[in-house]
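Protein chains in written order, with this note's numbering: chain A, 1 to 393; chain B, 1 to 286.
Bear in mind the hints are in silico, worked out from the structure with no lab data behind them.
Possibly wrong hints are sitting among the right ones.
Under 10 Å between C-beta atoms, here's a sample of chain A residues computed to sit facing chain B [as the list claims (entries may be wrong)]:
1. Y128
2. F131
3. L134
Over the 10 Å line for every Cβ pair with chain A, so calculated as not near, a few chain B residues [unchecked claim]:
4. L50
5. G109
6. A276
Don't be surprised by glycine CBs; every beta carbon is placed ideally from N, CA and C.
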Amino acid sequence: MTEPQETAADARSVHRERRARTAAEGELDPRADPAGNDEPGMRADPSAGGLDAHLVVERGGFRLDVALRVAPGEVVALLGPNGAGKTTALRALAGLTPLTEGRIRLDGGALEGTPPESRPVGVVFQDYLLFPHLSALDNVAFGPRCQGETKAAARARAAEWLDRLGLAAHAGAKPRRLSGGQAQRVALARALATDPRLLLLDEPLAALDARTRLEVRSRLRRHLAEFEAVAVLVTHDPLDAMVLADRLVVVEHGRVVQEGAPSDIARHPRTDYIARLVGLNLYRGEADGHTVRLDAGPAVTTTEVLSGPVFVAFPPSAVTLYRDRPTGTSARNLWHCEVAGLETHGDQIRADLTGGLPLAADLTTVAAAELDLHPGARVWAAVKAAQTHAYPV
Amino acid sequence: MTHPGKGPDGAADTVRGGPRRRRVRAQVGGVPLPLLVPALIGLAFLIVPLIALLVRAPWRSLPELLTSAEVWQALRLSLVCATAATAVSMVVGVPLAWLLARVEFPGRGLVRALVTLPLVLPPVVGGVALLMALGRNGIVGRSLDSWFGVTLPFTTAGVVVAEAFVALPFLVITVEGTLRAADPRYEEAAATLGASRFTAFRRVTLPLIAPGIAAGAVLAWARALGEFGATITFAGNFPGRTQTMPLAVYLALQSDPEAAIALSLVLLAVSVAVLAGLRDRWMTTG
Numbered sequence: 001m002t003e004p005q006e007t008a009a010d011a012r013s014v015h016r017e018r019r020a021r022t023a024a025e026g027e028l029d030p031r032a033d034p035a036g037n038d039e040p041g042m043r044a045d046p047s048a049g050g051l052d053a054h055l056v057v058e059r060g061g062f063r064l065d066v067a068l069r070v071a072p073g074e075v076v077a078l079l080g081p082n083g084a085g086k087t088t089a090l091r092a093l094a095g096l097t098p099l100t101e102g103r104i105r106l107d108g109g110a111l112e113g114t115p116p117e118s119r120p121v122g123v124v125f126q127d128y129l130l131f132p133h134l135s136a137l138d139n140v141a142f143g144p145r146c147q148g149e150t151k152a153a154a155r156a157r158a159a160e161w162l163d164r165l166g167l168a169a170h171a172g173a174k175p176r177r178l179s180g181g182q183a184q185r186v187a188l189a190r191a192l193a194t195d196p197r198l199l200l201l202d203e204p205l206a207a208l209d210a211r212t213r214l215e216v217r218s219r220l221r222r223h224l225a226e227f228e229a230v231a232v233l234v235t236h237d238p239l240d241a242m243v244l245a246d247r248l249v250v251v252e253h254g255r256v257v258q259e260g261a262p263s264d265i266a267r268h269p270r271t272d273y274i275a276r277l278v279g280l281n282l283y284r285g286e287a288d289g290h291t292v293r294l295d296a297g298p299a300v301t302t303t304e305v306l307s308g309p310v311f312v313a314f315p316p317s318a319v320t321l322y323r324d325r326p327t328g329t330s331a332r333n334l335w336h337c338e339v340a341g342l343e344t345h346g347d348q349i350r351a352d353l354t355g356g357l358p359l360a361a362d363l364t365t366v367a368a369a370e371l372d373l374h375p376g377a378r379v380w381a382a383v384k385a386a387q388t389h390a391y392p393v
Numbered sequence: 001m002t003h004p005g006k007g008p009d010g011a012a013d014t015v016r017g018g019p020r021r022r023r024v025r026a027q028v029g030g031v032p033l034p035l036l037v038p039a040l041i042g043l044a045f046l047i048v049p050l051i052a053l054l055v056r057a058p059w060r061s062l063p064e065l066l067t068s069a070e071v072w073q074a075l076r077l078s079l080v081c082a083t084a085a086t087a088v089s090m091v092v093g094v095p096l097a098w099l100l101a102r103v104e105f106p107g108r109g110l111v112r113a114l115v116t117l118p119l120v121l122p123p124v125v126g127g128v129a130l131l132m133a134l135g136r137n138g139i140v141g142r143s144l145d146s147w148f149g150v151t152l153p154f155t156t157a158g159v160v161v162a163e164a165f166v167a168l169p170f171l172v173i174t175v176e177g178t179l180r181a182a183d184p185r186y187e188e189a190a191a192t193l194g195a196s197r198f199t200a201f202r203r204v205t206l207p208l209i210a211p212g213i214a215a216g217a218v219l220a221w222a223r224a225l226g227e228f229g230a231t232i233t234f235a236g237n238f239p240g241r242t243q244t245m246p247l248a249v250y251l252a253l254q255s256d257p258e259a260a261i262a263l264s265l266v267l268l269a270v271s272v273a274v275l276a277g278l279r280d281r282w283m284t285t286g
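Isolated chain A, as found in the complex (with noise of 0.2 Å):
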């Protein structure tokens, strides 16, 4: 509890150390700070501090309506397919996409009615933008220098900043001189250097090769930790958003579909698009006891004792594949299925099957031989009832 004695000042300040620590451990819910009673009048809106929008853009027949709350020091990712609308949602809080209709409050302050170079806000771009006629340095103090610094002060700081991404050694560099990497990182630096308290991230690493994205992903995940403000990025990587942020938000069709925790979403996808981010096979289905009937046609016989409406998930490894009609196994859930499409996944092979029930089935290489496995060629699918999830919708 807050000292009586204790200024105004300070217990915002300690508040806004609390609120970063719980926000690093991943426990915070901004909709129920208990901190916010400790201050009586300052925390009276739980949303005061950090980012509450509620985003709606209309663009010939296509409607964003996107309701984002972040804490500072939280980071959350957009995640969804491509043309959900996420970049158009970063855009609307960087005020380069004027908003149809809703609000936009950081920190308190309502930003719907700020042009953008008011904004406190920092981007990093899907392709950086780095102006390339500056160099690494200036590109990063360009920021500051727009804030009136002198041009001596703006390069002082920005050579702080790149010396912070441990770019020091590439300051006099030219954009086109650097590798992706290195850029991804000036990028930051730039959009850091202005001190943003909303730090915006769309696709930072889709621009990467698969090499470089490993260490920038790791490296990136440190910066963002260590920012004290309110982080939002836009992937559609389901890994990079794991691995980046502390909150998904799932948007699919301009419109948030599911909201969690990384593991939270993994564990319980609602939508196709989730299950198959997440590795899933996902059906949903009205259950009866240990039986789920599917939507798509069979049933699907469970552990869980449900009824109602409910979700079943499966993973792809959980699925065994046979040539004829076994007789010996104990699988209760058996579906005759036609494999439509093989791909190769790391060292084993996703098989792609229709019929019975469409599903994906992870197998190895030589029991693909084995089995012959060819687009078109029929097969037995078989799921263990204890590998099956089932959840209510």
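Given the structure of chain A, go ahead and fit chain B onto it with the hints provided.
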């Protein structure tokens, strides 16, 4: 691509060059005569006059002709006026191009058409129009005269005005094209960093489109240098004051054809130099 260890580079080049040469020959052989003949006539039509100019040039007396006082006077006046007209075009033309490329306003198509009009307008008509606007009794010129005592027609400044009138559209069109090709998201990136629209233009857009501005300026300068119709209509033909090179060529042709050829050669040389300067921009697409 050449595989390493497949022998010396020369051999690889021969192998690579062979099929390509054969293919080119096959293509030429495939051009139908009804297309080839007019094409060659057109080519000759463009080239023969230039060759004639070179053939008939009084090479021996050339140094003497080109060092005469009148030639120098006309040449200097031409260079000064064309450069001034280009400077004027850049100062007003780049912002105009930016407006056309980046700001959506009602009637933008019409404005663009009006900007392009002087490109197709006969320059003499341009000269007459300038007289009606900026002449001593023109709708603007009258005020200029009575308020500031400024008279433009038949002065060196008038030459600059006439040349800028015909050169400006070249610059605007070129710069607008470059602006449209330039990624506007750089300006957005600048905005998110706190740059106002003007700062973004000055510190980001302008450096990015500098090559386009340079090309437009060279084009405008070349057009201004060769300007004849609008100049003689609006500024007259006074040696030392408004008589530029093209005017001097025209006048000399009646009294001293050799001098006219010599002057023409100078303008031809300038044109070739301009083309060479722009070759990176326009001649590498082949």
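Status of the hints after comparison with the structure:
1. Given hint, Y128(A) at the interface with chain B, holds; its Cβ is 9 Å from that chain's nearest Cβ, closer than 10 Å.
2. With 10 Å as the threshold, the beta carbon of F131(A) comes within range of chain B, its nearest partner Cβ sitting at about 6 Å, so the hint holds.
3. The interface hint given for L134(A) is met, as the beta carbon of that residue sits about 8 Å from the closest beta carbon of chain B, less than 10 Å.
4. Residue-level check passed: L50(B) sits 39 Å from the nearest beta carbon of chain A, beyond 10 Å.
5. The non-interface label for G109(B) is consistent with chain A: the shortest C-beta to C-beta separation is roughly 21 Å, beyond 10 Å.
6. No Cβ of chain A comes within 10 Å of the Cβ of A276(B); the nearest lies about 25 Å off, and the non-interface call holds.
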